[in-house]
Amino acid sequence: MGILDFLKRKPESTATVARERLRIIVAQERSTRGAPDYLPMMRNELLEVIKKYVHVDLDAININFERDSGHEILELSVTLPEGKPAAGNPTRNEATIG
Amino acid sequence: MTAEIIVVTSGKGGVGKTTTSASLATGLAMAGKKVAVIDFDVGLRNLDLIMGCERRVVYDFINVVHGESTLKQSLIKDKRYDNLYVLAASQTRDKDALTQEGVEKVLDGLSGDGFDYVVCDSPAGIEKGAHLAMYFADHAVVVVNPEVSSVRDSDRILGLLASKTRRAERGEGPVTQHLLLTRYNPTRVAIGEMLSVKDVEEILGIEVVGVIPESENVLTASNNGIPVIVDANSLAGQAYSDTVARILGEVRPLRFIDVPKKGFLQRVFGG
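Which chain is which? The protein sequence lines are D and C, in order. Under our numbering, the first residue of the first sequence carries the number 20, and numbering increases by one thereafter. Under our numbering, the first residue of the second sequence carries the number 57, and numbering increases by one thereafter.
Simulated from the structure, these hints should not be mistaken for laboratory data. Don't take each hint at face value.
Quick list of the computed label-pair ranges, beta carbon to beta carbon [as the list claims (entries may be wrong)]: (1) C/V307 - D/E39: 30 to 38 angstroms; (2) D/S32 - C/E263: 19 to 27 angstroms; (3) D/R49 - C/H122: 33 to 41 angstroms; (4) C/G181 - D/Y57: 18 to 26 angstroms; (5) D/I69 - C/L100: 43 to 51 angstroms; (6) C/R226 - D/L93: 22 to 30 angstroms.
Built from N, CA and C at the ideal position, the CB exists for glycine as well.
Chain D extracted, bound-state conformation:
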């Protein structure tokens, strides 16, 4: 151990890594909890359709499923990539199907 070791940036502790990974996965799993089983497949198929027209990643599609008293809301938002606006629209477009 050199005497200048204390100047080096300490690597992130594994507990911190675990905490951040869990935060993300737990939030993601909660958002689709209780939603129908076909949701992931539908998400992929929708992505295929959208890809025909715009170049987007899977991450760009956000599906939210909510159950209110008596009715269910399926919210789908697609973040379009920057720099390639769809015909005269601003760079970031969000389409929502209610």
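Following the hints, complete the assembly by docking chain C onto the known chain D.
Below, chain C without anything else, positioned relative to chain D:
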């Protein structure tokens, strides 16, 4: 007066459900309550070993459900506490032997016999056995280890408790959720090798009802077939006593969550 049903569950296996069920049931009995603890792990009976009554099992849970024995014949009276009874799991491999109606019949029977608490030791997973163990619950003790897969699984279980229980289905108010952190090692938490109590509470959005330190006494207790809560000298036993008191409504501060301070002799001689 109906019995309070408490399920001990986790999703992931090997986190300490049976150890917790045994100590929770014993702790409630030590507090003067009439308690039955039921092993829901059909095919993998183990609670009897932890409770130290494995050689006295004659009839089991499935026998009662099928009407092959009465509840009275099947309940095994604890050696230490007169007001504590164990109902062993069946060793049959037929998982369908347990039905919702059957479980309800047994729980109603226990209520009728004047039991204050019924502790349901859930099997791991989210299959039928785990579902039936939680379905009739008023309280749930979700056992979690400070480890990624256990934390994620307990979040799923918390979700199921909020939707797939009789209380949820009937709109009778939520199942009271108690998060119990087990196998906690304050030394490893201090050096950033283990999730802390606060981390787990923040990720799951629920406060802990207790923290059980990782302790060699847990293995010793299971070797002897004595629930660790009976060992009042062990830290794990004391932490379980605190937990039971909190579930009964007492306010007690968390203990054993900081690195233990070394005594003078330990500092001089090491250890």
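Status of the hints after comparison with the structure:
1. C/V307 - D/E39: 30 to 38 angstroms: Holds: the Cβ-Cβ distance is about 33 angstroms, inside 30 to 38 angstroms.
2. D/S32 - C/E263: 19 to 27 angstroms: Holds, at about 23 angstroms.
3. D/R49 - C/H122: 33 to 41 angstroms: holds (40 angstroms)
4. C/G181 - D/Y57: 18 to 26 angstroms: holds (24 angstroms)
5. D/I69 - C/L100: 43 to 51 angstroms: Taking Cβ atoms as reference, D/I69 and C/L100 lie about 48 angstroms apart, which means the hint holds.
6. C/R226 - D/L93: 22 to 30 angstroms: 27 angstroms Cβ-Cβ, so the 22 to 30 angstroms window holds.
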